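K.L.:
If you want the building blocks of each chain, they are given just below.
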Amino acid sequence: MPQETLLKISNIDVFHGSFQALWDVSLAVRAGEIVALIGANGSGKSTLLDTISGLLHPAKGKIEFEGKDISAVDPFQVVELGITQVPEGRRVFPEMTVLDNLIIGSYNRKARSKREQNFKMVCELFPILKERKNQLAKTLSGGEQQMLALGRGLMSDPRLVLLDEMSLGLAPIVLNDLYKALREIRAMGITILFVEQNVRRSLREADRAYIMEAGRVVLSGDVAELREEEEVKKAYFGV
Amino acid sequence: MTGLAGLSTPITMGIFLGGLYVLIALGLSLVFGVMKLINVAHGDWVIVGSYFAYTAMTMLGIDPFLSLVMGIPLLFGIGFAVQRFLLNRAFAVSLDAALLVCFGISIIFQNFCQIIWTPFSRGLKPPYALESFSIGAVHVPLVYLLDFIAALVVMLFLREFLRRTYLGKAITAASQDRRAAQLMGINTGRVYAFAFAIAMAVAAIAGVLLGLTFPFTPTSGVSFLILAFGVVIIGGLGSMMGTFIGGVILGLAQTLGGYFLGAAAQMLVAYILVFVVLAVRPQGIFGR
Numbered sequence: 001m002p003q004e005t006l007l008k009i010s011n012i013d014v015f016h017g018s019f020q021a022l023w024d025v026s027l028a029v030r031a032g033e034i035v036a037l038i039g040a041n042g043s044g045k046s047t048l049l050d051t052i053s054g055l056l057h058p059a060k061g062k063i064e065f066e067g068k069d070i071s072a073v074d075p076f077q078v079v080e081l082g083i084t085q086v087p088e089g090r091r092v093f094p095e096m097t098v099l100d101n102l103i104i105g106s107y108n109r110k111a112r113s114k115r116e117q118n119f120k121m122v123c124e125l126f127p128i129l130k131e132r133k134n135q136l137a138k139t140l141s142g143g144e145q146q147m148l149a150l151g152r153g154l155m156s157d158p159r160l161v162l163l164d165e166m167s168l169g170l171a172p173i174v175l176n177d178l179y180k181a182l183r184e185i186r187a188m189g190i191t192i193l194f195v196e197q198n199v200r201r202s203l204r205e206a207d208r209a210y211i212m213e214a215g216r217v218v219l220s221g222d223v224a225e226l227r228e229e230e231e232v233k234k235a236y237f238g239v
Numbered sequence: 240m241t242g243l244a245g246l247s248t249p250i251t252m253g254i255f256l257g258g259l260y261v262l263i264a265l266g267l268s269l270v271f272g273v274m275k276l277i278n279v280a281h282g283d284w285v286i287v288g289s290y291f292a293y294t295a296m297t298m299l300g301i302d303p304f305l306s307l308v309m310g311i312p313l314l315f316g317i318g319f320a321v322q323r324f325l326l327n328r329a330f331a332v333s334l335d336a337a338l339l340v341c342f343g344i345s346i347i348f349q350n351f352c353q354i355i356w357t358p359f360s361r362g363l364k365p366p367y368a369l370e371s372f373s374i375g376a377v378h379v380p381l382v383y384l385l386d387f388i389a390a391l392v393v394m395l396f397l398r399e400f401l402r403r404t405y406l407g408k409a410i411t412a413a414s415q416d417r418r419a420a421q422l423m424g425i426n427t428g429r430v431y432a433f434a435f436a437i438a439m440a441v442a443a444i445a446g447v448l449l450g451l452t453f454p455f456t457p458t459s460g461v462s463f464l465i466l467a468f469g470v471v472i473i474g475g476l477g478s479m480m481g482t483f484i485g486g487v488i489l490g491l492a493q494t495l496g497g498y499f500l501g502a503a504a505q506m507l508v509a510y511i512l513v514f515v516v517l518a519v520r521p522q523g524i525f526g527r
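So the sequences go chain by chain: W and L.
Going left to right, the first sequence walks through residues 1 to 239 as the numbering used here numbers them.
Going left to right, the second sequence walks through residues 240 to 527 as the numbering used here numbers them.
Some clues are possibly wrong.
What the hints assert, rightly or not - Heads up, simulated BS3-like pairs for lysine-lysine below, C-alpha to C-alpha not over 30 angstroms straight-line: (1) 110/W x 120/W; (2) 275/L x 138/W; (3) 110/W x 180/W; (4) 114/W x 8/W; (5) 133/W x 275/L; (6) 110/W x 130/W.
Unchecked claim - FRET-style restraints, in silico, Cβ to Cβ: (7) 57/W x 316/L: 26 to 34 angstroms; (8) 24/W x 400/L: 43 to 51 angstroms; (9) 66/W x 480/L: 30 to 38 angstroms; (10) 109/W x 375/L: 51 to 59 angstroms; (11) 519/L x 89/W: 30 to 38 angstroms; (12) 518/L x 28/W: 54 to 62 angstroms; (13) 177/W x 514/L: 47 to 55 angstroms; (14) 316/L x 66/W: 36 to 44 angstroms; (15) 59/W x 405/L: 33 to 41 angstroms; (16) 400/L x 110/W: 19 to 27 angstroms; (17) 66/W x 334/L: 31 to 39 angstroms; (18) 68/W x 346/L: 45 to 53 angstroms.
Keep in mind the hints are simulated off the structure, nothing from the lab.
For clarity, every value in this text was computed on a predicted model and none was experimentally measured.
Note that beta-carbon positions come from the ideal geometry of N, C-alpha and C, so glycine has one too.
Given only the sequences and the hints, what does the whole structure look like? Please build it.
P.N.:
Pasting the structure below:
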């Protein structure tokens, strides 16, 4: 059975002021997939996520979500449509409690009615958040903050989660828990597009991957194929 | 009157008068805390609130407090529109642009007040404005007590609103990380408009109490703006409780300064205190 295309990006150009950050980028994510976006610093991965989230708008090309053109939609409306971004550096609200961070995650109208249900789901996924729900977010460890950022995103009742540099500065043991959570999230029917610098790990966790360089998609495909690809080996594994 | 017993009057007066400063500073503190904007027109909004109550009283015979039923929605509405259609657009350019817009609003309001109400000094003088009462040996004008009660009520209301309601939490979130708030589905432009509108509604309340406590002219806003700066410097910008404590401390510094060094020195003492706080703890007593 062919899977439904959830997100379709067609030939977009994106600028930061006069600097062109993305060149003719196309990408597709099917419902239920885990897709990795790989590339060095400054290759345009985060810019691409911000453009999907509506923080930036493409000068050319089109972004469609569930068949609807969202190229010019504002960030708060993108969230309501079912796309959440877990930003790089986690960016939890430091002076708010864990619980209030999660409540803010369910701010959009559609998610408010499902708040109790999603809160329960997040607590099952990350029991530590329930334990610490009355603590200020700034008092959590890095790993816990990442769990909170992810949980906060899930509170918005998303169909698609954009995950930016989840592993930044975290210990491998914490990362294992987080990747395990990602697989559970996917099992709930939520689609994931994640940005990562760790190529080996990405190619292990994702179904498909896109590789970016200097604002362009240079390579894409199933992770099994990509692992065998000479270019990838040379560029990222040094063999 | 011996030393310590004599002190009870300036201390009581200082704390109560501080309430008025708190009311004027709360809106300034809220706008800065949320948008990082120093609303240099804040004092002028307060004075517009004073004049509105003055007109309601002199022309319609409405009590200043009762006139807030109209004054609060009026300043709330104008505040919402100014943020939504003017300041949000200025933010898209830069924070400096928004600051310039505030300067412009200040000049417009001052001249508007001069045209409508003339430059002469006015005051809100309902019958109870001249009453006073006694606590032991201390005689306090009734309006000073009203200043303090109003400050306490408004401060607690704002604090609980920010902590408990959905909108309040969204305002708090946007103040801590605007970008993350956007990514959480918060329409930050709309949230800013509400925050500014609430600050201006508080300015309407401050305007009534200012008019009851002191005479005012179209340009009085500037001097009260400077006082409000003093309050938030002492208390720490953005914290409601800090603003409250800051106002009370400034009020005390003023009356105690007057008691020990004479009336001419009272504001000098208050501003020296502001300098000391800036030097020792620039983020304010409650600031982060």
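K.L.:
Give a verdict on every hint.
P.N.:
Each hint, compared with the structure:
{"no.": "1", "hint": "110/W x 120/W", "result": "holds (17 angstroms)"}
{"no.": "2", "hint": "275/L x 138/W", "result": "holds (21 angstroms)"}
{"no.": "3", "hint": "110/W x 180/W", "result": "holds (27 angstroms)"}
{"no.": "4", "hint": "114/W x 8/W", "result": "holds (27 angstroms)"}
{"no.": "5", "hint": "133/W x 275/L", "result": "holds (28 angstroms)"}
{"no.": "6", "hint": "110/W x 130/W", "result": "holds (23 angstroms)"}
{"no.": "7", "hint": "57/W x 316/L: 26 to 34 angstroms", "result": "holds (31 angstroms)"}
{"no.": "8", "hint": "24/W x 400/L: 43 to 51 angstroms", "result": "holds (48 angstroms)"}
{"no.": "9", "hint": "66/W x 480/L: 30 to 38 angstroms", "result": "violated (46 angstroms)"}
{"no.": "10", "hint": "109/W x 375/L: 51 to 59 angstroms", "result": "holds (56 angstroms)"}
{"no.": "11", "hint": "519/L x 89/W: 30 to 38 angstroms", "result": "holds (33 angstroms)"}
{"no.": "12", "hint": "518/L x 28/W: 54 to 62 angstroms", "result": "holds (60 angstroms)"}
{"no.": "13", "hint": "177/W x 514/L: 47 to 55 angstroms", "result": "holds (52 angstroms)"}
{"no.": "14", "hint": "316/L x 66/W: 36 to 44 angstroms", "result": "holds (38 angstroms)"}
{"no.": "15", "hint": "59/W x 405/L: 33 to 41 angstroms", "result": "holds (36 angstroms)"}
{"no.": "16", "hint": "400/L x 110/W: 19 to 27 angstroms", "result": "holds (25 angstroms)"}
{"no.": "17", "hint": "66/W x 334/L: 31 to 39 angstroms", "result": "holds (37 angstroms)"}
{"no.": "18", "hint": "68/W x 346/L: 45 to 53 angstroms", "result": "holds (47 angstroms)"}
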